[in-house]
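Listed below are the residues making up each chain.
Protein chains: 2
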Amino acid sequence: MINNEKPRLAIDMDEVLTDTLRKFLTLYNRDYGIAMDIHQAPGKELHENLPEGVNGQWKIYANEKGFFRDIPPMPDAIETVKALSAHYNVYIVSAAMEFRNSLEDKFDWLGEHFPFIPWTNILFTGDKIISADILIDDRVRNLVHFNGRKLLFTSPHNLLVNEYERVNNWKEVAGLLL
Amino acid sequence: MINNEKPRLAIDMDEVLTDTLRKFLTLYNRDYGIAMDIHQAPGKELHENLPEGVNGQWKIYANEKGFFRDIPPMPDAIETVKALSAHYNVYIVSAAMEFRNSLEDKFDWLGEHFPFIPWTNILFTGDKIISADILIDDRVRNLVHFNGRKLLFTSPHNLLVNEYERVNNWKEVAGLLL
Chain F
64 MINNEKPRLA IDMDEVLTDT LRKFLTLYNR DYGIAMDIHQ APGKELHENL PEGVNGQWKI
124 YANEKGFFRD IPPMPDAIET VKALSAHYNV YIVSAAMEFR NSLEDKFDWL GEHFPFIPWT
184 NILFTGDKII SADILIDDRV RNLVHFNGRK LLFTSPHNLL VNEYERVNNW KEVAGLLL
Chain W
64 MINNEKPRLA IDMDEVLTDT LRKFLTLYNR DYGIAMDIHQ APGKELHENL PEGVNGQWKI
124 YANEKGFFRD IPPMPDAIET VKALSAHYNV YIVSAAMEFR NSLEDKFDWL GEHFPFIPWT
184 NILFTGDKII SADILIDDRV RNLVHFNGRK LLFTSPHNLL VNEYERVNNW KEVAGLLL
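Heads up: the protein sequence lines correspond to chains F and W, in order. Its first residue numbered 64, the first sequence is counted upward by one per residue in the working numbering. Its first residue numbered 64, the second sequence is counted upward by one per residue in the working numbering.
Worth flagging that the hints you see were computed from the coordinates, not collected in a lab. All the given hints hold, so there is nothing to weed out.
Since the list gives no way to pick one copy over another, a pair counts as held whenever it fits inside one copy or between any two copies.
Under the rule of at most 30 Å between Cα atoms (straight-line distance), these lysine-lysine pairs were calculated in the DSSO-like manner:
1. LYS86 x LYS128
2. LYS107 x LYS128
3. LYS213 x LYS69
On a predicted model such as this, the values are computed, not experimentally measured, just so you know.
Chain F extracted, bound-state conformation (with noise of 0.2 Å):
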């Protein structure tokens, strides 16, 4: 039964909670020797700044089993999200219906990281029509028909935006909500 006391805090996956970019451009560079440090230009998505040839790889990397097992996760993450737990009901909300197999893998990875979240409180979607308090996401496409408090988590690609209340980094969450 959902646990009302607490407000409910939903959190995504990727680029959130996990370093999914690092992961990308760690097998782009083993693979093609893009540099690790490769500019990213703001408001871009990193295959916009990819030479052309290699640039729609991202697709096939995200869609190997494996990909989304062992990436590393955000600074700060699994300290903040224990620590919110014990004012919030942490559900983590992640958009993994778009790569079939990453299904198995997001979860076993919840589980070795985050082993404090319940099967009870995570969220595979597509479209995230999800009804909470607080939506923590660096996707725009996530927050803006989301009727709570909308938190922009910072990555390159949505550094134009402006009209999100907006967080940098994991130590900027433990600052605005415990």
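Start from chain F and add chain W according to the hints.
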């Protein structure tokens, strides 16, 4: 981007789109000789109608890879959901997180039987903290916190529930919503 022109209709999977009870009975029949037409007392879960010693087996079945892959769709479900898709933004919302091994099976099952539902409209959840206009579900625990119109899809375990608008089958859903 979410289609906002049509009302959102959220539909559960087990015991609503899929005849999961029949799948459990098929395995209980195969392994323990339980009759397929065992008396199912109104208001009881299947396992509450089974002899001690085998009544916990259902959790082992549900955790097996493949269990959710070949369940028969409910009669008239496919045609009705297809017709509903012309008038509603249909979302499939299944509490799949309880069984890690069900994730890929449920995704593939939907691809086979409901290929007209795009990945954007599939949600695998724990708690169904969703925002929609209508929810069709057989579980009171999923309906109780829902803010829209609640349709209880009949299953033996919910026969004693009187608090909700009830639909007994997909023909009744069609009659009500089309």
